[in-house]
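Novice: Letter by letter, the chains look like this.
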Amino acid sequence: MKTSKRELHAAMLTFAVGVLCLYSGLLYGVGTLTETDSGSYPFLLGVVLIILSILLLIMPAERRNVDEDHEEAQSLWIRLKRYRPWLFITISVIGFVILNQYGGFVAATLFLLLCSGFADPKNSFITVVSIGALATIASVLIFYYGLNLPLTLFTWG
Amino acid sequence: MIDNLILGLNTVLVWQNLLYCFFGVFIGNLIGVLPGIGPLAALSMLLPMTYGLGPVPSLMMLAGLYYGTSYGGAITAILLNIPGTAQHAVVCVDGHPMAKQGKAGSAIFMGIFASFVGACFGVVILSLFSPVIARVALQFGAPEYFALMLLGLLAASGLTTGSPIKGIIAVVFGLVFGFVGADMFNGKLRLTLGLVELQDGISLVALALGLFGVMDILLNVGKLDNSNLIGQKNTTEEKKSFVRPDPGDMTKSFHPIIRGGVIGSFFGALPGTGGTFASFMSYTAEKKLSKTPERFGRGAIEGVAGPESANSSADITAFIPTLTLGIPGDAVMALMLGALMIHNIIPGPRMMSLQPDLFWGLIMSFWVGNLFLLILNIPLVNIWVKLLAVPYRILYPIILVLICVGAYSSSYTMFDVLVVLVIGIFGYIITKLGFEPAPLLMGFVLGPMVEENFRRSLNLSDGDLSIFITRPISGVCLAICLLMLCITLYKQLKTAKRVLK
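Protein sequence lines correspond, in order, to chains U and Z.
Here the first sequence stands for residues 1 to 157, where the numbers follow the numbering used here.
Here the second sequence stands for residues 1 to 501, where the numbers follow the numbering used here.
Note that these hints are calculated values from the structure, not bench results.
Check the hints yourself; a few may be wrong.
With a straight-line cut-off of 20 Å between C-alpha atoms, the simulated SDA-like cross-links for lysine to any residue are [unchecked claim]: (1) Lys432(Z) - Gly31(U); (2) Lys188(Z) - Ser124(U); (3) Lys188(Z) - Gly31(U); (4) Lys494(Z) - Leu478(Z); (5) Lys122(U) - Ile91(U); (6) Lys5(U) - Leu493(Z); (7) Lys432(Z) - Val17(U); (8) Lys494(Z) - Leu8(U); (9) Lys386(Z) - Asn10(Z); (10) Lys81(U) - Ala479(Z); (11) Lys100(Z) - Asn81(Z); (12) Lys223(Z) - Lys494(Z); (13) Lys122(U) - Pro391(Z); (14) Lys188(Z) - Gly29(U); (15) Lys432(Z) - Thr90(U); (16) Lys223(Z) - Leu8(U); (17) Lys432(Z) - Gly29(U); (18) Lys81(U) - Ile425(Z); (19) Lys122(U) - Lys223(Z); (20) Lys501(Z) - Met59(U); (21) Lys252(Z) - Val93(Z); (22) Lys252(Z) - Arg295(Z); (23) Lys287(Z) - Arg298(Z); (24) Lys5(U) - Ile429(Z); (25) Lys432(Z) - Phe15(U); (26) Lys188(Z) - Leu26(U); (27) Lys100(Z) - Gly297(Z); (28) Lys223(Z) - Pro121(U); (29) Lys288(Z) - Leu270(Z); (30) Lys497(Z) - Leu485(Z).
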């Protein structure tokens, strides 16, 4: 019987965050009980997280199931396809930040809507373009003219 | 008491406040109907909008948005078998079978009516008990607050659906996010990664938008569809009488609504329980008390009326610990607490005496807001049903724009938009690993206060840790915490034994 991969990864993440807290606690100085320093609280949280990660590892709440084995057997392409929303949404938000600086709010919003729209494979090209155009116009009307947010509509370079 | 209620009414009945209250409940209602957007995401998106407003209209709008979702959530649960919010999950059990039998109108009407009566219960309990609790809380010092917060955090972690240890870990993750920035005692920078923007810590709006906005989108894209919508398939005759109770349903629902109101009022006020727990308790109680329990699960109106009344009253009484002690009972209340602090209001026992207009105005706005919802919902249900036909794949890019602009408008820097993305991805990863984001938000909001009260207690006692157990209230709270920890470990051990076999 193997422990579920999910439990193993959860314990590893908890342990890593715990070590980071412990290290930063020592770095900032723990102080004494009478005079606690900035690192005392992170140090305490680090200890708690490390203990919890060990408990999670020795007391797993789920076993390795058939789904996990099935997932591993799937081809790389099928597994990569599952990350499509992840990829498109990440790129769309990063693009929004960059384009807002170098192209203005209109270009940034249009890019955000177009790129994120393709995160769902069921969205057709026409649907995405329509949402992009209409929602960009609505955003400008609401946020720029309606709420007077300090946004630059167009900027170059 | 009467004077306070009149003061509250005077505050609410100012047209500007009424307008914001109406706006809040309307948007809340709309969001409750749309699957894939919860009250947390909605509150996070609207929070930056309140920066330019005064504290009274801001709070009324946000509170209206919160309990407005409670009304809308039942509609998706009944028609679509998808609970708009977690607390409506139990309504699916009987509400959806009723809709399949062509009784969607009756189920929706009883849900709306029960929500209104339940909320009225909650308002009465809140008005009666808040002053009493606030008087007691005036005696509390740093150790008591530390112990109470610890209790609240542990209670919140215990409500997670998966592994109980993961619930505690999620809370501690939140505490870790909470200490990023300058140390409140000596100004030393912690985990800022050398970034000036992080010196004031991670913004609450960015964290909430990341955890409940971006993460929800990442989880739901390509998975939510509206293929099983029932209201759309109704015939013209059925649509004409869409929201109308069937004869006998009112009589059958009378006692469940009263019982639901009482159950919800009680569990709503307890930290870590809230509307979800209350609605499940109400459903269980109705099934146990029913002479025909076999009807439950096949379309019993009591299974809709009781839980709806319970979750609405719980939504209101959940404000008791938040407003009187400054300790939120769940993640939504943690966000409300954050909203109060953004407007420089320190929630706690002194709020009632220092800002009586805000406190009593907020309480009376619950009444007015719920009345708005009752009046609004009857004619609007048909519109909500039509709106449900809009596929999620069209909604989510628009939600993403709202998230990005919301994050930007909270600080007018694009840095917060990137923080939202990073936290959204982190939230997605931890959710996939079986952690839940709600306890994390609780930990984040309470984190700085937990640290402050912990270190202040140690300073007061010259480093003597016994201060936490020698003071009666703090001692009792810590004993309960210990008991809860033991129960958590026992539960985890039992599950682990089963798994390892």
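Novice: Regarding the pair Lys288(Z) and Leu270(Z), is the alpha-carbon distance no greater than 20 Å?
Specialist: 23 Å, violated
Novice: Quickly compare the C-alpha distance for Lys494(Z) and Leu8(U) to 20 Å and report which way the hint goes.
Specialist: 18 Å, holds
Novice: Tell me if the straight-line CA distance from Lys432(Z) to Gly29(U) falls inside 20 Å.
Specialist: 35 Å, violated
Novice: Take the C-alpha atoms of Lys386(Z) and Asn10(Z), compute the straight-line distance between them, and say whether it is at most 20 Å.
Specialist: 37 Å, violated
Novice: Just to be careful, I want the Cα atoms of Lys497(Z) and Leu485(Z) compared with a cutoff of 20 Å; is the pair within it?
Specialist: 18 Å, holds
Novice: Given the hinted pair Lys252(Z) and Val93(Z), is their Cα-Cα distance within 20 Å?
Specialist: 17 Å, holds
Novice: Would you mind confirming whether the straight-line C-alpha gap from Lys100(Z) to Gly297(Z) stays at or under 20 Å?
Specialist: 12 Å, holds
Novice: Hey, Lys188(Z) versus Gly29(U), does the alpha-carbon distance stay inside 20 Å?
Specialist: With Cα atoms ~10 Å apart, Lys188(Z) and Gly29(U) stay inside 20 Å; holds.
Novice: For the pair we were handed, Lys287(Z) and Arg298(Z), check the Cα-Cα distance against 20 Å.
Specialist: Holds. Lys287(Z) to Arg298(Z) sits at ~12 Å (cutoff 20 Å).
Novice: CA of Lys432(Z) to CA of Gly31(U), is that 20 Å or under?
Specialist: Distance ~38 Å between Lys432(Z) and Gly31(U) Cα, so the pair is violated.
Novice: Can you confirm whether the C-alpha distance between Lys100(Z) and Asn81(Z) stays at or below 20 Å?
Specialist: 10 Å, holds
Novice: Does Lys223(Z) sit within 20 Å of Lys122(U), going by the straight-line distance between their CA atoms?
Specialist: Since the Cα atoms of Lys122(U) and Lys223(Z) sit roughly 10 Å apart, the hinted pair holds (cutoff 20 Å).
Of the numbered hints given earlier, the model fails hints 1, 2, 4, 9, 10, 12, 16, 17 and 29; all others are met.
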